[in-house]
Amino acid sequence: DGGITQSPKYLFRKEGQNVTLSCEQNLNHDAMYWYRQDPGQGLRLIYYSQIVNDFQKGDIAEGYSVSREKKESFPLTVTSAQKNPTAFYLCASAFRENSYEQYFGPGTRLTVT
Amino acid sequence: AQSVTQLDSQVPVFEEAPVELRCNYSSSVSVYLFWYVQYPNQGLQLLLKYLSGSTLVESINGFEAEFNKSQTSFHLRKPSVHISDTAEYFCAVSDPQSYQLTFGKGTKLSVIP
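Residue numbers (this note's numbering), protein chains in the order written: chain A, 289 to 401; chain B, 947 to 1059.
Hints were generated in silico from the structure; no laboratory data involved. Among the hints, a few may not be true.
Said to hold, decoys possible - Taking lysine to aspartate or glutamate pairs in the EDC-like style, the calculated list, with each CA pair at most 16 Å apart, reads:
hint	chain 1	residue 1	chain 2	residue 2
1	B	K1051	A	D326
2	B	K995	A	E389
3	B	K1054	A	D347
4	B	K995	B	E1012
5	B	K1015	B	D1041
6	B	K1051	A	E360
7	B	K1024	B	D1041
8	A	K371	A	D318
Stated by the list, open to error - Partial list, computed: chain B residues near chain A (C-beta under 8 Å):
hint	residue
9	Q948
10	V957
11	P958
12	R968
13	N970
14	P986
15	L990
16	S998
17	K1015
18	T1032
19	F1049
Stated by the list, open to error - Here are some, though not all, of the chain A residues that point toward chain B, as calculated from beta-carbon distances under 7 Å:
hint	residue
20	P296
21	Y298
22	P327
23	G351
24	A369
25	L378
26	Y388
27	V400
Just so it is clear, CB atoms sit at the ideal spot from N, CA and C, and this is done for glycine as well.
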């Protein structure tokens, strides 16, 4: 089955620790995205990548880092510099020519205490 | 720059009643418009989209939305809701030259038996 997987579903970390969220897709999509979702805030773009080994900051990139070494994978690292890391994180992917039509993974809920 | 306003954060409605979820956007260029649905603790799914052509677009599960350029709106409607329609609905906009989606803050639809 083609799709986007995010793991784990739930993640707990202590404050001050870096944590990496996984996102894998087998849809042969060129573009991949990371969003953060907070209650009542909608989705805010963290980073996106249109091709391998290239990525751009979104609206709220501070405290996050990404890599795109393979077309299928776009991991997100939440660093200790992120002031309020507790949130629901969603990964998405799309074909580059139709990048507005994005397919979403199931999300990872990160709780930092 | 674009923005999306979803006028209602929560909409309760009785089963089998009609519903309208409102969405207004602002943009200096022509846009593509989308409605996504999110069931609890899941990712987003594309419900319907307007790219061009007929201003009335429909989904497979009975929802429809109408693009109104003069009012810069893209309201979502369903003539008779079901319990299974309970979810959060997000309106989104993209300009054809952009690789990004801009989301509204979402409307939580609660269908009351």
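Exercise. Hold the hint about P296 of chain A up to the distance rule: shortest CB distance to chain B must be less than 7 Å.
Key: 13 Å, violated
Quiz item: Would the hint on T1032 of chain B stand, with a C-beta cut-off of 8 Å toward chain A?
Solution: Since chain A brings no Cβ nearer than about 17 Å to T1032 of chain B, farther than 8 Å, the hint is violated.
Practice problem: Please verify that hint: N970 of chain B, Cβ, nearest Cβ of chain A, below 8 Å or not. | Solution: Because about 14 Å separates N970 of chain B from the closest Cβ in chain A, which is outside the 8 Å limit, the hint is violated.
Quiz prompt | Pairwise hint evaluation, D1041 of chain B against K1024 of chain B, where the allowed Cα distance is 16 Å at most | solution = 26 Å, violated
Quiz item: At a threshold of 8 Å, is the proposed contact between V957 of chain B and chain A supported by beta-carbon distances?
Solution: 14 Å, violated
Quiz prompt | 16 Å Cα cutoff - pair K371 of chain A, D318 of chain A | solution = The given pair, whose Cα atoms are some 31 Å apart, is violated under the 16 Å limit.
Exercise. Verify the interface restraint on F1049 of chain B: the C-beta must sit less than 8 Å from at least one C-beta of chain A.
Key: 4 Å, holds
Exercise. For the pair we were handed, K995 of chain B and E1012 of chain B, check the Cα-Cα distance against 16 Å.
Key: Distance of about 10 Å is within 16 Å: holds.
Quiz item: Should the interface hint for L378 of chain A be scored as holding, given a Cβ-Cβ cut-off of 7 Å against chain B?
Solution: Interface hint status for L378 of chain A: holds (6 Å vs cutoff 7 Å).
Practice problem: May I ask you to test the interface hint for P958 of chain B with respect to chain A, counting a Cβ-Cβ separation under 8 Å as satisfied? | Solution: 17 Å, violated
Quiz prompt | Hint check: 7 Å Cβ-Cβ cutoff, Y298 of chain A to chain B | solution = Violated: closest Cβ of chain B sits about 9 Å from Y298 of chain A, beyond 7 Å.
Exercise. Identify whether the interface hint at V400 of chain A stands, where standing means a beta carbon of chain B within less than 7 Å of its own.
Key: With Cβ-Cβ at 18 Å, over 7 Å, it is violated.
In this structure, the earlier hints numbered 3, 6, 7, 8, 9, 10, 11, 12, 13, 14, 16, 17, 18, 20, 21, 22, 23, 24, 27 are contradicted, and the remaining ones agree with it.
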